[in-house]
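Trainee: Spelled out from the first residue to the last, the chains are:
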Amino acid sequence: MATAPPAVRADGIVKRYGPTLALDGVRLEVAAGEAHALVGRNGAGKSTLVSVLTGMHRPDSGTVAFSGEPAPAFGDTSAWRARVACVYQKLMIVPDLTVAENLFLNRFTGGGAINWRRLRARARELLAAYGVAVDPAARAKDLGVEQRQFVEIARALSFGARLIILDEPTARLDAGGIDRLFAKLRELQRQGVAFLFISHHLQEVYELCDTVTVFRDARHILTAPVSGLPKEDLVEAMTGEGAARAGAAGGGAAEEPSVAAIPGQAVRAAAAPAADGAGAEPVLRARELAVAGAYGPLDLAVRAGEIVGLAGAAASGNTAIGETLVGMRAPDDGAVEVRGAAVRTGSVPHALEAGIGYVPEDRHQQGLVPGRSVAENATLTVADQLGPYGTVLPSRTRRFAQRMIESLDIKTSGPGQDVDGLSGGNQQKVVIARALARDPGVLVAIKPTAGVDVKSKDALLGVVRRVAESGSGAVIVSDELDDLRVCDRVLALFHGRVVAEFGGGWTDRELVAAMEGIEPGHRERADHAGRPDRDRPGRPDQSDEPDEPDQPEKGQEA
Amino acid sequence: MTGPTSTARPAAATEGTAAVEKKPQLQLGGLEIDLGRWRDFSLVPVIFVLGVIGFIVSPAFLTSDNLIGVVQQSTELGLLVLAQALILISGRMDLSLESTIGVAPVIALWLVLPAEGGRFTGIELLPSGTSIFLCLLVGAVIGLFNGFLILKLRVNGFIATLGMLVMLRGLHEGITGGKSIIEVPESFAYLGKESWLGVPAAVYVCLGLYAIGGLMLGYLRHGRALYAIGGNPEAARAAGIRVDRITWIVLAIGGMLAAFAGVLYTGHYGSVSAGQGKDMIFQVFAAAVIGGISLRGGRGTLFGALTGVLTLQLVINVMTLAGVPAEWTKFLNGAIIIVALVVSRFVSGEKQD
Numbered sequence: 004m005a006t007a008p009p010a011v012r013a014d015g016i017v018k019r020y021g022p023t024l025a026l027d028g029v030r031l032e033v034a035a036g037e038a039h040a041l042v043g044r045n046g047a048g049k050s051t052l053v054s055v056l057t058g059m060h061r062p063d064s065g066t067v068a069f070s071g072e073p074a075p076a077f078g079d080t081s082a083w084r085a086r087v088a089c090v091y092q093k094l095m096i097v098p099d100l101t102v103a104e105n106l107f108l109n110r111f112t113g114g115g116a117i118n119w120r121r122l123r124a125r126a127r128e129l130l131a132a133y134g135v136a137v138d139p140a141a142r143a144k145d146l147g148v149e150q151r152q153f154v155e156i157a158r159a160l161s162f163g164a165r166l167i168i169l170d171e172p173t174a175r176l177d178a179g180g181i182d183r184l185f186a187k188l189r190e191l192q193r194q195g196v197a198f199l200f201i202s203h204h205l206q207e208v209y210e211l212c213d214t215v216t217v218f219r220d221a222r223h224i225l226t227a228p229v230s231g232l233p234k235e236d237l238v239e240a241m242t243g244e245g246a247a248r249a250g251a252a253g254g255g256a257a258e259e260p261s262v263a264a265i266p267g268q269a270v271r272a273a274a275a276p277a278a279d280g281a282g283a284e285p286v287l288r289a290r291e292l293a294v295a296g297a298y299g300p301l302d303l304a305v306r307a308g309e310i311v312g313l314a315g316a317a318a319s320g321n322t323a324i325g326e327t328l329v330g331m332r333a334p335d336d337g338a339v340e341v342r343g344a345a346v347r348t349g350s351v352p353h354a355l356e357a358g359i360g361y362v363p364e365d366r367h368q369q370g371l372v373p374g375r376s377v378a379e380n381a382t383l384t385v386a387d388q389l390g391p392y393g394t395v396l397p398s399r400t401r402r403f404a405q406r407m408i409e410s411l412d413i414k415t416s417g418p419g420q421d422v423d424g425l426s427g428g429n430q431q432k433v434v435i436a437r438a439l440a441r442d443p444g445v446l447v448a449i450k451p452t453a454g455v456d457v458k459s460k461d462a463l464l465g466v467v468r469r470v471a472e473s474g475s476g477a478v479i480v481s482d483e484l485d486d487l488r489v490c491d492r493v494l495a496l497f498h499g500r501v502v503a504e505f506g507g508g509w510t511d512r513e514l515v516a517a518m519e520g521i522e523p524g525h526r527e528r529a530d531h532a533g534r535p536d537r538d539r540p541g542r543p544d545q546s547d548e549p550d551e552p553d554q555p556e557k558g559q560e561a
Numbered sequence: 020m021t022g023p024t025s026t027a028r029p030a031a032a033t034e035g036t037a038a039v040e041k042k043p044q045l046q047l048g049g050l051e052i053d054l055g056r057w058r059d060f061s062l063v064p065v066i067f068v069l070g071v072i073g074f075i076v077s078p079a080f081l082t083s084d085n086l087i088g089v090v091q092q093s094t095e096l097g098l099l100v101l102a103q104a105l106i107l108i109s110g111r112m113d114l115s116l117e118s119t120i121g122v123a124p125v126i127a128l129w130l131v132l133p134a135e136g137g138r139f140t141g142i143e144l145l146p147s148g149t150s151i152f153l154c155l156l157v158g159a160v161i162g163l164f165n166g167f168l169i170l171k172l173r174v175n176g177f178i179a180t181l182g183m184l185v186m187l188r189g190l191h192e193g194i195t196g197g198k199s200i201i202e203v204p205e206s207f208a209y210l211g212k213e214s215w216l217g218v219p220a221a222v223y224v225c226l227g228l229y230a231i232g233g234l235m236l237g238y239l240r241h242g243r244a245l246y247a248i249g250g251n252p253e254a255a256r257a258a259g260i261r262v263d264r265i266t267w268i269v270l271a272i273g274g275m276l277a278a279f280a281g282v283l284y285t286g287h288y289g290s291v292s293a294g295q296g297k298d299m300i301f302q303v304f305a306a307a308v309i310g311g312i313s314l315r316g317g318r319g320t321l322f323g324a325l326t327g328v329l330t331l332q333l334v335i336n337v338m339t340l341a342g343v344p345a346e347w348t349k350f351l352n353g354a355i356i357i358v359a360l361v362v363s364r365f366v367s368g369e370k371q372d
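Heads up: the sequence lines are chains Y and D, in that order.
Reading the first sequence from the start, the letters are residues 4 to 561 in the working numbering.
Reading the second sequence from the start, the letters are residues 20 to 372 in the working numbering.
So here's chain Y without its partners, still in its complex pose (with noise of 0.2 Å):
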């Protein structure tokens, strides 16, 4: 294998869209069969890169050449295709067709009429060359996110392609589900295919990659065998500054002091004392509360100045507490109360009244209003404060997003600017903004660092520190261990229910165990040790919900 040419080899790419350069002459190889890792913050150039190695975008300068042989003519979408695919988070491919249409999607072989039991015949044959285990029957739609994955992947395979490029994979799967899809690329390694992947989550890099490659700035950093890379390195070589003085010199007086470039670790450190000095009145109390379907009757306190981590993978049903806790889903018992008083259950509003905020899953879906300022986003959950009668006054608007953006550091041109043009951290922030907008009592976010880089990640979550410090209480529904670090309290959940709560000092082991169901200190149960998540129940009725608690309530608003 030593001597098989790279199954890519990309130099000297420049590629930049009117005055902003994206690449700057970086150069990568992925060896043939191997796991390479392309890491980088938000804006680091990754995707360009990506879309010049798929065909998608032709680079202004620089070569590109799959296993030896210069790349295709740019527009030969097929010639492409037979070298190189992508799996990007958004999965291409199409939901109300079966897994075998999915697969031979537009290259039915024949000329007349397809042969639908021959076509499923091929279809199977080549999952199982593979070792995919779906049904070529299935309709897309109802397989899981991962299983959708090793579909594609056995498609892009299929057309030859012996280089897959595989962008964020692990954002929405669960712990076990990233472990069937590591155990499939390892597999599939051994075949002879390269995998180029790129992942926020640098323990995954470590956990599955050969090499890494790091951008920073449009321009190659690095690239250096992962073995012999000591994780500090790497953060530094991504940030471009070293961990020791990530405080003092990186953005200057808006930087928290408390955030190292480690996620966790200082910022726990930190937060000790605070959790110690915190009173003992809960600001935030959830009696029996229980979604059918989703999670079973919840007890939870949190205390003024405390943050508690709900940890659970994907069908774990942290999602749905969370949920329920802001509003967004109506509990089909229980109660929440805030300091004391009840606060009326599956309504925003009211939720948001008696001072809990929300800081979304997903920033696109629930967070942002694309194409709107940073102000007008920011202000969504205060409009009611910023003039008289209902009103909304411009300077008033632009003055609390001016303060937020330095109170969160966000990097923008102004309040004016669209959020469309703010990078994936600055986003969130802008998300965490209007959940702070109203000065809530209890912040509840849900995985606030989903997507965003090392650095943003660290100042997000030193936010939410911040926030618990000033006497609030904050949730964080997460299956992030870094997210989780920063919790003084973590209950983990499982099947809906709590399985195990740690205090401090738990170790990751531990953790992901509770998480994974395997209860630490008890008897290992047997029916949930592999899959915890297949089908994802707490997704689908989602979205049915969202509108029935609008209208009991008619007429209220003044």
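Simulated from the structure, these hints should not be mistaken for laboratory data.
This one's a predicted model, so the numbers in the text were calculated from it and none came from an experiment.
Where is the CB? At the ideal position from N, CA and C, for every residue including glycine.
One thing to keep in mind: the hints can contain errors.
[What the hints assert, rightly or not] Example chain Y residues on the side facing chain D (calculated, C-beta under 10 Å, incomplete):
| no. | residue |
| --- | --- |
| 1 | A68 |
| 2 | V135 |
| 3 | H353 |
| 4 | Y361 |
| 5 | P363 |
| 6 | L371 |
| 7 | N380 |
| 8 | L383 |
| 9 | T384 |
| 10 | L389 |
| 11 | G390 |
| 12 | Y392 |
| 13 | P397 |
| 14 | S473 |
[Unchecked claim] Away from chain D, derived, C-beta distances all over 10 Å, residues of chain Y:
| no. | residue |
| --- | --- |
| 15 | P8 |
| 16 | G71 |
| 17 | R123 |
| 18 | S161 |
| 19 | E207 |
| 20 | A333 |
| 21 | A345 |
| 22 | P373 |
| 23 | R375 |
| 24 | E379 |
| 25 | D387 |
| 26 | R437 |
| 27 | E472 |
| 28 | D511 |
| 29 | R512 |
[Unchecked claim] Simulated DEER-style distance windows between Cβ atoms:
| no. | chain 1 | residue 1 | chain 2 | residue 2 | range |
| --- | --- | --- | --- | --- | --- |
| 30 | D | V358 | Y | W119 | 39 to 49 Å |
| 31 | D | W215 | Y | R399 | 34 to 44 Å |
| 32 | D | V174 | Y | G134 | 38 to 48 Å |
| 33 | D | G227 | Y | D302 | 54 to 64 Å |
| 34 | D | R364 | Y | I117 | 26 to 36 Å |
Got chain Y sorted already, so can you dock chain D onto it with the hints?
Mentor: Structure of chain D alone, referenced to chain Y:
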């Protein structure tokens, strides 16, 4: 093929990030940021150019009679566009507006006109002084019913309001027996036919409503909420905005505005014909689209919509004066929609990166 467009996204995002970094340039010119706002005025030069062309084409163009005719005709269309713009901004659409403009006056008149004597017999249930109020009420009820279909029964808004369009047109023809109503009460016709200071009263009313609408969208929190709802309803809901309720109110207001357009229309022509408002919805969309109202919601201003209306009417007027037969107006309207769509596609396409 959706492939290329969706895969182009990551690149666009990268670029957006980079755009943040060229701070000095953006801060240097306050103008730079304001460029987006100037987009609303992009039709102003077009209107000016149309005026010049009109002046060259026919001496009759720059006469007060002609110009007043143009603005008066713009008022009825303008109110429908105002209604549609509000609905489009909140991410919905209402095709039935073009039937509301006819059926609302018909029902109002049917309720107030005497049961015998006239060509059209009503039921004289209520005094004729209430006719305008009744008309607006009918419009609101139609809007509320649309809201019920779209928001409660969750049926597709396009088809639901298309069904309503046909149904209401049928109701209109059923009540009138396909005939025109010519006995219009004085109070009902007043606004549509009266002139104040030489300019039709309808023009003042229409401009006033646009101003109120514009101020609401810009400076009231419920107005601003429309942009949030149209831009991303889920985000609006997560921010505590009562999405369904506000959308419902907007649909009702839309129906009322269409009914009010019916009042002006009826007053203007002195009667309600069986086809009042027929095919107007295409002009409404044409004006809204060239006025920069996004069909996907969350984008556009009422000022833009108003310039859209004027542009459309001027094009038609100039064409008429140039001797293009009236039969060709439809062709022009269609062509204008297509051109506007293509132009706005490219304008917004550029804006995305």
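Trainee: Can we confirm that no CB of chain D comes within 10 Å of the CB of S161/Y?
Mentor: Nearest chain D Cβ is 17 Å from S161/Y, so the label holds.
Trainee: Please test the hint of 38 to 48 Å on the beta carbon pair from V174/D and G134/Y.
Mentor: holds, 44 Å
Trainee: Quick check on H353/Y please, does its C-beta sit within 10 Å of some C-beta on chain D?
Mentor: holds, 9 Å
Trainee: Is the interface hint satisfied for P363/Y? The criterion is a beta-carbon contact with chain D at less than 10 Å.
Mentor: For P363/Y, the interface hint holds, since the closest Cβ of chain D sits about 5 Å away, which is under 10 Å.
Trainee: Just checking, A345/Y versus chain D, shortest CB gap more than 10 Å?
Mentor: About 18 Å separates A345/Y from the closest Cβ of chain D, which puts it past 10 Å; holds.
Trainee: The output says A333/Y does not contact chain D. Does that hold with a beta carbon cutoff of 10 Å?
Mentor: holds, 13 Å
Trainee: Would the stated hint for L389/Y survive a check requiring a Cβ distance to chain D of less than 10 Å?
Mentor: This hint holds: L389/Y lies near chain D, its Cβ roughly 7 Å from the closest one there, short of 10 Å.
Trainee: Quick check on the hint: N380/Y CB to chain D CB, less than 10 Å?
Mentor: holds, 8 Å
Trainee: Evaluate the given range 54 to 64 Å for the C-beta pair formed by G227/D and D302/Y.
Mentor: holds, 57 Å
Trainee: Please check whether the beta-carbon of E207/Y is more than 10 Å away from every beta-carbon in chain D.
Mentor: It holds; E207/Y is separated from chain D by about 19 Å at its closest Cβ, greater than 10 Å.
Trainee: Please settle this one: R437/Y was flagged as non-interface, so is its CB more than 10 Å from every CB on chain D?
Mentor: violated, 6 Å
Trainee: According to the definition I'm using, a residue is off the interface if its beta carbon is farther than 10 Å from all beta carbons of the partner; does R375/Y meet that for chain D?
Mentor: Given a closest Cβ separation of 6 Å, the condition is violated.
Consistency with the previously given hints fails for numbers 1, 2, 14, 22, 23, 24, 25, 26, ordered from lowest to highest.
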